[in-house]
Amino acid sequence: MLRDITLGQYYQADSVIHRLDPRVKLGTTILFIISLFIFHGVWGYFVAALFLALVIKLSKVPFKFMVKGMKSIIFLLSITILFNLFLTPGDPLVQIWKFRITKEGVRLALLLAIRLAFLIIGSSVMTLTTTPNQLTDGLEKMLKPLNRIKVPVHEIAMMMSIALRFIPILMEETDKIMKAQLARCADFESGNLIKKAKSLVPLLVPLFISAFRRANDLAMAMEARCYRGGEHRTKMKPLHYHKRDYIAYAIVACYLVVGVAAGRLIPALLSHIAF
Amino acid sequence: MPIILDKVSHIYGEDTAMAVKALDKISLVIPDGQFIGLIGHTGSGKSTLVQHLNGLMRATSGNIYFNGQDIDDSDFDKKMLRSKVGLVFQYPEHQLFETDVFSDVCFGPKNLGLSKKEIELRAYEALKLVGLEDEYFYQSPFDLSGGQKRRVAIAGVLAMKPEVLILDEPTAGLDPKGRDEILDQILKLKVETGITVLLVSHSMDDVAKYVDRIIVMSRGSILYDDIPKEVFKHYQELETIGLAAPQVTYIMKELRDHGYNVSDAITTIEEAKREIKDYFTKLAVMQRER
Numbered sequence: 000m001l002r003d004i005t006l007g008q009y010y011q012a013d014s015v016i017h018r019l020d021p022r023v024k025l026g027t028t029i030l031f032i033i034s035l036f037i038f039h040g041v042w043g044y045f046v047a048a049l050f051l052a053l054v055i056k057l058s059k060v061p062f063k064f065m066v067k068g069m070k071s072i073i074f075l076l077s078i079t080i081l082f083n084l085f086l087t088p089g090d091p092l093v094q095i096w097k098f099r100i101t102k103e104g105v106r107l108a109l110l111l112a113i114r115l116a117f118l119i120i121g122s123s124v125m126t127l128t129t130t131p132n133q134l135t136d137g138l139e140k141m142l143k144p145l146n147r148i149k150v151p152v153h154e155i156a157m158m159m160s161i162a163l164r165f166i167p168i169l170m171e172e173t174d175k176i177m178k179a180q181l182a183r184c185a186d187f188e189s190g191n192l193i194k195k196a197k198s199l200v201p202l203l204v205p206l207f208i209s210a211f212r213r214a215n216d217l218a219m220a221m222e223a224r225c226y227r228g229g230e231h232r233t234k235m236k237p238l239h240y241h242k243r244d245y246i247a248y249a250i251v252a253c254y255l256v257v258g259v260a261a262g263r264l265i266p267a268l269l270s271h272i273a274f
Numbered sequence: 000m001p002i003i004l005d006k007v008s009h010i011y012g013e014d015t016a017m018a019v020k021a022l023d024k025i026s027l028v029i030p031d032g033q034f035i036g037l038i039g040h041t042g043s044g045k046s047t048l049v050q051h052l053n054g055l056m057r058a059t060s061g062n063i064y065f066n067g068q069d070i071d072d073s074d075f076d077k078k079m080l081r082s083k084v085g086l087v088f089q090y091p092e093h094q095l096f097e098t099d100v101f102s103d104v105c106f107g108p109k110n111l112g113l114s115k116k117e118i119e120l121r122a123y124e125a126l127k128l129v130g131l132e133d134e135y136f137y138q139s140p141f142d143l144s145g146g147q148k149r150r151v152a153i154a155g156v157l158a159m160k161p162e163v164l165i166l167d168e169p170t171a172g173l174d175p176k177g178r179d180e181i182l183d184q185i186l187k188l189k190v191e192t193g194i195t196v197l198l199v200s201h202s203m204d205d206v207a208k209y210v211d212r213i214i215v216m217s218r219g220s221i222l223y224d225d226i227p228k229e230v231f232k233h234y235q236e237l238e239t240i241g242l243a244a245p246q247v248t249y250i251m252k253e254l255r256d257h258g259y260n261v262s263d264a265i266t267t268i269e270e271a272k273r274e275i276k277d278y279f280t281k282l283a284v285m286q287r288e289r
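Listed in order, the protein sequences are those of chains A and B.
Under numbering that gives the first Met the number 0, think of the first position of the first sequence as 0, with each following residue one higher.
Under numbering that gives the first Met the number 0, think of the first position of the second sequence as 0, with each following residue one higher.
Treat the hints as calculated values from the structure; they're not laboratory data.
Virtual Cβ for every residue (Gly too), placed ideally from N, Cα, C.
Be a bit skeptical, because a hint or two may be false.
[Stated by the list, open to error] The list that follows gives simulated cross-link-like pairs (lysine-lysine, BS3-like), each with its CA atoms no further than 27 Å apart:
1) B:Lys115 to B:Lys6
2) B:Lys24 to A:Lys178
3) B:Lys176 to B:Lys148
4) A:Lys197 to B:Lys20
5) A:Lys197 to B:Lys115
6) B:Lys116 to A:Lys195
[To be verified] Among the chain A residues that face chain B by a calculated CB cut under 10 Å, a handful are:
7) Leu169
8) Glu172
9) Ile176
10) Ala179
11) Gln180
12) Leu181
13) Ala182
14) Arg183
15) Asp186
16) Pro201
17) Leu202
18) Leu203
19) Pro205
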């Protein structure tokens with residue numbers, strides 16, 4: 000039942016991308032998303048597509064996993080495409096009754112669709128190759144400077160990783176309690192909204208109790224190990240930049256330059272040759 | 000009503016890279032009125048198997064028949080099945096949710112759509128069957144001790160008047176006293192009501208004393224299915240799959256190895272006591288004759 004839902008979508012594999020420092024992956028993802036908005040024209044997106052294809056190839060994650068992420072935005076994507084297709088003023092291409100598709104509309108719709116698709120696939124690559132824990136680790140280290148202005152970075156990161164850690168546990172617990180109540184002939188499906196909401200009580204009460212119990216146990220266990228939070232705390236697997244991380248940064252920098260250049264120069268060159 | 004399993008298989012995560020075969024062509028007959036012990040190491044598929052028996056899980060292949068009807072038929076009444084085949088999960092006390100014990104036990108029969116009078120009568124009977132004293136009936140279930148909570152949870156299933164009662168590790172996490180109390184109560188219940196009981200456990204000592212038939216599972220298949228004495232004869236094979244015969248069986252074997260001519264097909268302390276007594280009586284008689 001609920002077993003099929005997994006959080007994060009980490010795909011276990013041994014690749015260069017998997018081994019990269021999470022900070023590199025976080026930074027690259029953000030830069031990639033920004034790049035999608037500053038690149039111009041077909042050629043800019045051509046460079047972005049090449050870059051994305053290269054990263055996917057390197058990550059050894061099957062492409063169908065990337066497409067899975069697209070499913071969640073298919074609704075948003077289709078609305079964006081439809082609105083842009085029909086509501087952009089300009090040169091009319093086709094006219095069906097009151098709806099008019101313009102040249103600019105087609106261009107804009109395509110552009111936005113590509114942008115959105117790349118955005119989702121790009122961030123999927125990150126979540127597919129980085130475990131949630133690595134991500135929070137990376138975030139913590141990246142945000143460390145905020146400590147100076149009294150932002151409890153370590154505590155926030157800790158809370159995030161605990162929350163992430165607990166999600167699969169609570170999922171399993173929900174599944175178990177649900178089955179236990181089903182075994183007592185509970186009915187979670189039929190009836191109107193109020194009845195349905197009421198039928199959740201036998202599920203939610205035990206779930207909350209179990210969540211509190213677990214939280215309590217965990218707090219006790221941390222206390223027993225003298226956990227004291229951020230200051231002077233060492234890590235079992237401290238994050239260090241390796242050679243490959245610097246190379247990755249360099250590649251990303253190149254990508255940005257090439258992308259911006261391609262977007263502006265190639266059309267200019269082409270028009271130059273044409274005339 | 001008998002339950003018949005015909006080549007039931009279950010695969011977790013079918014069609015994915017992580018597919019795990021939890022049940023492998025299990026064929027089984029559970030007749031009326033038996034007290035059966037289902038034993039297996041962690042991950043042997045016993046919990047998966049019992050969840051098939053009341054339709055909580057669907058077999059990947061194979062059929063399950065309850066009273067001659069295929070439970071996967073679209074017109075089969077799953078609710079009826081779940082009331083007839085009561086399943087008590089591991090740590091059942093985690094399913095309690097009502098403000099008092101009595102209403103919690105009422106939850107099951109209420110879902111069956113019975114009259115208020117009938118519901119309350121059944122809840123009362125069920126609580127009496129598990130041996131909970133009246134003074135606890137209107138307390139919050141969360142104020143009870145671990146063993147008491149577990150009884151309340153078992154009563155919650157019993158109140159539906161099942162014909163087959165399945166208990167998944169009912170003694171997990173209880174102290175020896177609580178364990179014996181629960182198991183004795185189940186035996187009493189079995190004798191009084193004559194229902195079929197399926198006791199899932201990984202402890203041979205727990206079940207040897209109570210059941211008339213033991214099913215040993217290993218890696219999703221049935222390894223042995225026989226009366227306890229016969230099953231425990233295979234104690235060496237049992238050890239290789241991470242199980243063991245009851246401790247008393249080992250003591251008897253040890254005695255035999257040391258030259259005392261006692262039977263080693265002994266599974267309970269009572270039997271051992273009798274056997275040893277008989278042995279010494281015989282010995283005394285022999286010496287006197289000499």
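Results for each hint:
With a C-alpha separation of about 42 Å, the suggested pairing of Lys115 of chain B with Lys6 of chain B is violated against the 27 Å cut-off. Of the pairs offered as hints, the one joining Lys24 of chain B and Lys178 of chain A holds, with about 24 Å between alpha carbons and a cut-off of 27 Å not exceeded. Distance restraint check for Lys176 of chain B and Lys148 of chain B: the Cα-Cα separation of roughly 15 Å lies within the 27 Å cut-off, and the hinted pair is therefore satisfied. At roughly 37 Å between alpha-carbon atoms, Lys197 of chain A and Lys20 of chain B are farther apart than 27 Å, so this suggested pair is violated.
Taking the CA atoms of Lys197 of chain A and Lys115 of chain B, the gap is near 19 Å; set against the 27 Å cutoff, the hint holds. For a cut-off of 27 Å, the pair hint linking Lys116 of chain B to Lys195 of chain A stands: about 25 Å separates their Cα positions. The interface hint given for Leu169 of chain A is broken, as the beta carbon of that residue sits about 13 Å from the closest beta carbon of chain B, more than 10 Å. Look at Glu172 of chain A: its Cβ gets to within about 8 Å of chain B, closer than 10 Å, so that hint holds up.
Because the closest C-beta pair between Ile176 of chain A and chain B is about 6 Å apart, less than 10 Å, the hint holds. Interface restraint check: Ala179 of chain A against chain B, minimum CB-CB distance 4 Å, threshold 10 Å, status holds. Interface hint status for Gln180 of chain A: upheld, as the beta-carbon distance to the closest one in chain B is roughly 6 Å, under 10 Å. Because the smallest distance between the Cβ of Leu181 of chain A and any Cβ of chain B comes to about 6 Å, under 10 Å, the interface hint for this residue holds.
This hint holds: Ala182 of chain A has a C-beta 4 Å from the nearest C-beta of chain B, less than the 10 Å allowed. Because the beta carbon of Arg183 of chain A sits about 4 Å from the nearest beta carbon in chain B, less than 10 Å, this interface hint is met. At a threshold of 10 Å, the smallest CB-CB gap from Asp186 of chain A to chain B is about 6 Å, leaving the interface hint in force. For Pro201 of chain A, the suggested interface contact is upheld, since its CB lies about 5 Å from the closest CB of chain B, less than 10 Å.
A distance limit of 10 Å between C-beta atoms decides the matter here; for Leu202 of chain A the minimum to chain B is near 8 Å, and the interface restraint holds. Checking Leu203 of chain A against chain B by beta carbon gives a least distance of about 8 Å; that is within 10 Å, so the hint holds. The restraint placing Pro205 of chain A at the interface with chain B holds, with a minimum CB-CB distance near 5 Å, inside the 10 Å limit.
Checked against the numbered hints given earlier, this structure breaks hints 1, 4, 7; the rest are met.
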